[in-house]
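Which chain is which? The protein sequence lines are S and L, in order.
Note that the numbering used here has the first sequence beginning at 1144, numbered continuously upward.
Note that the numbering used here has the second sequence beginning at 5, numbered continuously upward.
The hints are simulated quantities; they were obtained by calculation from the structure and are not laboratory data.
A virtual CB, placed ideally from N, CA and C, is assigned to each residue, including glycine.
Don't take each hint at face value.
If we take Cβ atoms under 8 Å as the criterion, some of the chain L residues that face chain S in the derived model are [said to hold, decoys possible]:
id: 1; residue: H56
id: 2; residue: G67
id: 3; residue: E196
id: 4; residue: L200
id: 5; residue: S202
id: 6; residue: R204
id: 7; residue: H216
id: 8; residue: F219
id: 9; residue: K220
id: 10; residue: R345
Incomplete in silico selection of chain S near chain L, CB under 7 Å [what the hints assert, rightly or not]:
id: 11; residue: M1161
id: 12; residue: G1222
id: 13; residue: W1226
id: 14; residue: A1449
id: 15; residue: R1476
A few chain L residues that don't get close to chain S, going by computed Cβ distances all over 10 Å [stated by the list, open to error]:
id: 16; residue: N159
id: 17; residue: A214
id: 18; residue: N241
id: 19; residue: T396
id: 20; residue: K415
id: 21; residue: P447
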Amino acid sequence: MTLTRPTQVIRYERTLGMTVMIGKGFYAPNDMSFAPNGRIYVLNRSIEARASGQGMRVTVCDANDEYYGFFGAFGTGRGEFMWPSAIAVGLDGKVFVADEHLQKIMIFSSEGDFIDEWGTAGSGPGELDTPSGIAIDGEGNLLVSDTYNHRIQVFTSEGEFVRTFGKEGVGEGELNMPWRLSIGPDSNIYVADWGNDRVSIFTQDGEFVDSFGDSGTGEGQFTKPADVVADGNGNIYVCDWGNERVQVLDSNGGFRQLTLGESTVSPWAQNFLDVNVEEGDARSRANLEMDDIEFPDPNDRHIVSAHIEKYFWAPMALAISPDNRLYVTESNRHRIQIFEILE
Amino acid sequence: MGSEKRRLVAHLMRRAGFGATSDDLDALDGLDYDRIVDDLVDPPDTSWMGDHLVRRFHHEQSGMISGFAPGEYWLYRMVTTKAPLIEKATLFWHGIFATGYPKVVHGKVLSNQIDMFRRNGLGRLDDLLVELSKDPAMIVWLDNEYNHSGAINENYGRELLELFSMGVGNYSEDDIKEAARAFTGWTIGNTEYMVLRSDRDSDWPYGRIAWHFEFKEEDHDNGEKTFLGETGNFNGNDIVEIVCRQEATARFISRHMYSFFVADEPPVAQWPHVKLRDPAAIQELVDAYLAGNHSIKEMLRTLFKSDFFKSSQVRYKRVKSPAELTAGVLRLSGHLDRPRRDMVVHGMRVQYMGQWLQNPPSVEGWHQGEEWVETGNLVERVNFASEQLGDTNMPGVASMVSRIVDQSVSKDELLERCLEELGEIELAEDTSDSLKEALSGGPVDRDKATEVLRLIAATRDFQRC
Chain S
1144 MTLTRPTQVI
1154 RYERTLGMTV
1164 MIGKGFYAPN
1174 DMSFAPNGRI
1184 YVLNRSIEAR
1194 ASGQGMRVTV
1204 CDANDEYYGF
1214 FGAFGTGRGE
1224 FMWPSAIAVG
1234 LDGKVFVADE
1244 HLQKIMIFSS
1254 EGDFIDEWGT
1264 AGSGPGELDT
1274 PSGIAIDGEG
1284 NLLVSDTYNH
1294 RIQVFTSEGE
1304 FVRTFGKEGV
1314 GEGELNMPWR
1324 LSIGPDSNIY
1334 VADWGNDRVS
1344 IFTQDGEFVD
1354 SFGDSGTGEG
1364 QFTKPADVVA
1374 DGNGNIYVCD
1384 WGNERVQVLD
1394 SNGGFRQLTL
1404 GESTVSPWAQ
1414 NFLDVNVEEG
1424 DARSRANLEM
1434 DDIEFPDPND
1444 RHIVSAHIEK
1454 YFWAPMALAI
1464 SPDNRLYVTE
1474 SNRHRIQIFE
1484 ILE
Chain L
5 MGSEKRRLVA
15 HLMRRAGFGA
25 TSDDLDALDG
35 LDYDRIVDDL
45 VDPPDTSWMG
55 DHLVRRFHHE
65 QSGMISGFAP
75 GEYWLYRMVT
85 TKAPLIEKAT
95 LFWHGIFATG
105 YPKVVHGKVL
115 SNQIDMFRRN
125 GLGRLDDLLV
135 ELSKDPAMIV
145 WLDNEYNHSG
155 AINENYGREL
165 LELFSMGVGN
175 YSEDDIKEAA
185 RAFTGWTIGN
195 TEYMVLRSDR
205 DSDWPYGRIA
215 WHFEFKEEDH
225 DNGEKTFLGE
235 TGNFNGNDIV
245 EIVCRQEATA
255 RFISRHMYSF
265 FVADEPPVAQ
275 WPHVKLRDPA
285 AIQELVDAYL
295 AGNHSIKEML
305 RTLFKSDFFK
315 SSQVRYKRVK
325 SPAELTAGVL
335 RLSGHLDRPR
345 RDMVVHGMRV
355 QYMGQWLQNP
365 PSVEGWHQGE
375 EWVETGNLVE
385 RVNFASEQLG
395 DTNMPGVASM
405 VSRIVDQSVS
415 KDELLERCLE
425 ELGEIELAED
435 TSDSLKEALS
445 GGPVDRDKAT
455 EVLRLIAATR
465 DFQRC
């Protein structure tokens, strides 16, 4: 890995969303996907439902803060969620949702009508043990991070097994509990190799290409990365989940930039604060960016992010929009921070 | 049945931890008892399943937005830790410094308080009480954000003396007021906004924001105070230091410790009226406290190595709390070999048994001992233990059953072998006779072994430790 001088590749622009279980907002969102119709589908894990399962759903909105509604519900039946883990929208507008507890992939129409589901628990070819990331290739096939089987599996959209690659290990092309994955503009497959603290790149056929990163908190190092995406400018964006940050690498893995997040108040959140005057006023008198808090361990980024609202807290998914913005979905802050890609 | 030493170590592991599996006991066979105690109070390995693994799958236990997540997260630590005394001592302090969700309405700060107990629970009492006094959850739980110079709120000062250190009868009302003055200005950052959000259960607009301690010098009464016969410009640290020097504090903590780790004592409110079960044991702990510079670790080292702890007279004299029972059963069943959504169910079972962690019934905490056992929650306790330990899909149960069956155990030996596998459990004679009678028919096979494990889990003796 070559370390290069930090460069500003991305610049914070604004924030989308706020915390709600019902209506206009997100609740523990853990993944999102852009659709051909311009809409954004945000998957909400919500709290681990004990009765009602409120908030466990897909929120549909767009980049201009329009809210179109939601679909999906908690349950064990067909088309229902327990641990919804990943979402991807195909070129035909169909919405695919993975559930890592129920070991299945569900298919919905762009309007949220349930179409079908498939998936069998196990470790054999075509069987799943905790599907935690999905991506769709140019042929409409689904690539699935099969976490506890430490591999990537490829299926047709109807669930027919195509091929698999990767196995448990630390060597080249080996994986340890992969989380999310994406397909780059070079058609390669980018995998967040969570347990190995690195990102690995494969060809469409599953041939190992390269891997970047090692364990740590320094530039170009990762702690349990959750997601990785690449853009057309040769930038690779890594959701450095365990370090509560996003890093930008060049196409050779060289460090370019990192951000801890710098969220401002979204239009939906501002509306809430305007309506709830007492809470809005109290907030305006608070200092939410205190830099003199004494933490038991100031290097524990999870605790620091718990206290400083603008920072990423449990960033779990990345996506690049058609208008060249980087979207960072944060579970614990129930929002999406949007960054302009400068170069 | 294993040797007396093995049974003693099993007793130690039930009290200092959440019980030991047969494999755990095998691993300890080569060590002498005192070395095992030393490793418990100074653990060489504090690893557990780990934050990253838990948070990856339990997003709720990452943001702690609800009142359920902190307890479920803690249960993972109890079940998977290699340093069980740290979690046990943390549970001990949570029972005394009971702080609850309904008023704090913030899972993350409650969980942070538990982390603080984890860091300080085996250290000096002085340090623990200073950290407790600065703990944001405790500040809000006992209203210290409303304790102002010139307008004191006595709540924290009162409970510090009454429930957290000395016990009634050892201080005056004036001491309470003076203590309260010393803690003026000890509050949380952004008090107005954070308390308002707490009052409204507001997680808007971006989830919970964790709280931090803040000392507001302009709101602190720096005047002269007289506290427990000493006079000075005391602040909160000074109050804690004076409190920790009192023999009454040593006795109060010692009685709590005896009750939690040795044999049930009545609830604190009855202490002035009920004699000590074992005054000599309490004195031994008091001496350890004073000789060890108020070190909790040294008190526990003394306790676990004492004759009064090792005595067969105190074994099975404590009723397991719901958290202890649940964690112990899950360690045996091996169900939590990875993060599982079933943790939600396990967490709820603890509540149904009467102990919602981080949601005690009052500032007094839970009334423990026999009061854990009521008709409704006894059924829950028995059902949970027997369901888990009678389920061969659980890796720990499958392993126990295989070992029993593979050894071609005879009918007469079956009960003893099952008791050994469950961590050298000892049954009362009448219980043992009843089980033998009930199990007299049929061959010794996997089903029979599983049935025995399930029945043992349903006995009166299994509910105790």
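Right, here's what the structure says about each hint:
1. H56: holds, 5 Å
2. G67: holds, 4 Å
3. E196: holds, 5 Å
4. L200: Because about 5 Å separates L:L200 from the closest Cβ in chain S, which is inside the 8 Å limit, the hint holds.
5. S202: Hint violated; L:S202 Cβ to chain S Cβ min 11 Å, cut 8 Å.
6. R204: holds, 7 Å
7. H216: Status holds, d = 5 Å.
8. F219: Violated - the Cβ of L:F219 stays beyond 8 Å from chain S, reaching only about 10 Å at its closest.
9. K220: With Cβ-Cβ at 13 Å, over 8 Å, it is violated.
10. R345: Given a least distance of 5 Å, the restraint on L:R345 holds.
11. M1161: holds, 4 Å
12. G1222: With Cβ-Cβ at 18 Å, over 7 Å, it is violated.
13. W1226: It holds, given that the least Cβ distance between S:W1226 and chain L is near 6 Å, below 7 Å.
14. A1449: Hint on S:A1449: holds, closest Cβ of chain L at ~4 Å, below 7 Å.
15. R1476: Nearest chain L Cβ about 4 Å off; hint holds.
16. N159: holds, 23 Å
17. A214: Given that some Cβ of chain S is not farther than 10 Å from that of L:A214, nearest at about 4 Å, it is violated.
18. N241: holds, 15 Å
19. T396: holds, 18 Å
20. K415: holds, 38 Å
21. P447: Answer for L:P447: holds, closest chain S Cβ roughly 33 Å.
When the structure is compared with the earlier hints, violations turn up for hints 5, 8, 9, 12, 17 and for no others.
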